[in-house]
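Asker: Protein chains in written order, with the numbering used here: chain A, 20 to 288; chain B, 451 to 634.
Do not take every clue at face value.
Said to hold, decoys possible - DSBU-like cross-link-like pairs, simulated, lysine-lysine; straight-line CA separation at most 35 Å:
(1) A:Lys77 <-> B:Lys576
(2) A:Lys160 <-> B:Lys542
(3) B:Lys543 <-> A:Lys161
(4) A:Lys141 <-> A:Lys77
(5) B:Lys479 <-> A:Lys77
(6) A:Lys137 <-> B:Lys543
(7) B:Lys567 <-> A:Lys77
Claimed, not checked - Label pairs and their in silico Cβ distance ranges:
(8) B:Lys576 <-> A:Pro195: 50 to 60 Å
(9) A:Arg237 <-> B:Ile601: 24 to 34 Å
(10) A:Ala168 <-> B:Asp505: 46 to 56 Å
These aren't lab readings, by the way, just hints derived from the structure by calculation. Even for Gly, the Cβ is constructed at its ideal location relative to N, Cα and C.
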Amino acid sequence: MKPAVLGIFVIASLLQQPPEGMVLIPGGEFWMGRTHYFLIDEVGWLERDRRDDMPAHKTFIDAFYMDKNEVSNEQYARFAQSAGKPAPWYWPGGKVPKGDEKKPVHDVTWFEADAYCKAAGKRLPTEAEWERAVRGGLDRKKFAWGDNAPGLGGNDPDAAPGGPAERTKQAHVGFPFGTAEVGSYPANGFGLFDMVGNVWEWTNDWYDRDYYPVSPDRNPQGPSTGTYKVIRGGGWSDDDERNFMNHYRNFADPSVRTFTVGFRCARAQ
Amino acid sequence: MSRAVAALCVLVSLSFLHAQAPPPLDPEKLVDQWFIRINTLDDWYISYDGKEETDAVVDRFVDLYDSDAFHQVGPNENQIGPVVFHGRDGIKKWATDFAKKHVQLAYRVDFITRNEKSAQLTYSIKPAWGGIGAAVEFTAVYTDRQDRRRIIVPGSAFFLFNDAGKIQRLRLYMLKDETALIEP
Numbered sequence: 020m021k022p023a024v025l026g027i028f029v030i031a032s033l034l035q036q037p038p039e040g041m042v043l044i045p046g047g048e049f050w051m052g053r054t055h056y057f058l059i060d061e062v063g064w065l066e067r068d069r070r071d072d073m074p075a076h077k078t079f080i081d082a083f084y085m086d087k088n089e090v091s092n093e094q095y096a097r098f099a100q101s102a103g104k105p106a107p108w109y110w111p112g113g114k115v116p117k118g119d120e121k122k123p124v125h126d127v128t129w130f131e132a133d134a135y136c137k138a139a140g141k142r143l144p145t146e147a148e149w150e151r152a153v154r155g156g157l158d159r160k161k162f163a164w165g166d167n168a169p170g171l172g173g174n175d176p177d178a179a180p181g182g183p184a185e186r187t188k189q190a191h192v193g194f195p196f197g198t199a200e201v202g203s204y205p206a207n208g209f210g211l212f213d214m215v216g217n218v219w220e221w222t223n224d225w226y227d228r229d230y231y232p233v234s235p236d237r238n239p240q241g242p243s244t245g246t247y248k249v250i251r252g253g254g255w256s257d258d259d260e261r262n263f264m265n266h267y268r269n270f271a272d273p274s275v276r277t278f279t280v281g282f283r284c285a286r287a288q
Numbered sequence: 451m452s453r454a455v456a457a458l459c460v461l462v463s464l465s466f467l468h469a470q471a472p473p474p475l476d477p478e479k480l481v482d483q484w485f486i487r488i489n490t491l492d493d494w495y496i497s498y499d500g501k502e503e504t505d506a507v508v509d510r511f512v513d514l515y516d517s518d519a520f521h522q523v524g525p526n527e528n529q530i531g532p533v534v535f536h537g538r539d540g541i542k543k544w545a546t547d548f549a550k551k552h553v554q555l556a557y558r559v560d561f562i563t564r565n566e567k568s569a570q571l572t573y574s575i576k577p578a579w580g581g582i583g584a585a586v587e588f589t590a591v592y593t594d595r596q597d598r599r600r601i602i603v604p605g606s607a608f609f610l611f612n613d614a615g616k617i618q619r620l621r622l623y624m625l626k627d628e629t630a631l632i633e634p
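Please construct the entire structure, taking both the sequences and the accompanying hints into account.
Answerer: In structure tokens:
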């Protein structure tokens, strides 16, 4: 093989590689939304079933890249410093607390998360991309790993990170003491960590409970306007298994900072 | 004299009150309007520049609904679970899609015959919160615009109308298992 041809081949192969810290989510069709019913009188969550995640609908998504991990404190610190953004309130003196470098950042608004992703040449994932990603290639399963609920440590002292109960869990949920380092739990089928638990994740879409019946079937971008942004995935403090289900939709004021909401970024292939 | 004036005042007041009271809701007429307007959803045209001009017929249909109405249908082949359209914008989207996919629409309330007498029955009830509820069994006949197949399918519709006669909620059930092709 001539060196020039070899060079082109190497460059082409490198171009196929996902950017550092990202995973290629293959394009394709998947069932988005809830395909099962809750009998509310049996599970007792709500007086009435909120059906904002119905109907489940076939959705086509173009291939895209997704961050393997939630954005960590140390990653956000570099951005905040260079962009002149305020440090989250829980960083004493504006510095990441020692030992928390690898934990996901939280208490950032949607606008700050959006700015972080843009500064990195990325963007926040759409809600449909996020759901495509969390499913890890599984079809119509309740959770990222299948149909079984995650083990919940609750207030059990054994549930502390590294403890016996914690190790049996699929995700960092139902934990009373805060976030865990990103990537501490098994990855899903696409190689993404903490899609469930640790922190809820901002998505790019506005929330509208009536959106699914009118959602386009290819690369939906969400409603054109709204009051709240969609957050997905559940957080460390949640112990209601519904929050961790692939289809579960939650929402938050984009200007709000809260201790259970962080983010990760995506970008087009 | 004063008695006559008082009586006149009472009469005037009564007639005024009578004039203020809205006419009673007629469930048959309200349901009939819905069938008339769904059947005109195929009555749109393509403009000279190739645009499908559905707004006029769709807006006329959507005008039957309250601004906060719910319109629930069954899932299509690419959906699972309840499909609820909310508000006039959502319902307009459904109606536009429906209008573009179907031609020769012929929805009609079923006839029931007993003792050599036939009638199109509208079952109705007055809910505690006002307005009126109505239900009908119907047969939908339409032609698929794309493949030109003519389809017949039985269904039922449950309406809730508010005091102004606008639809607050409509649930449409179509019996997919009884769907049949009409042979030419």
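Asker: Quick check: which numbered hints come out false for this structure?
Answerer: Failing hints, ascending: 1, 5, 7.
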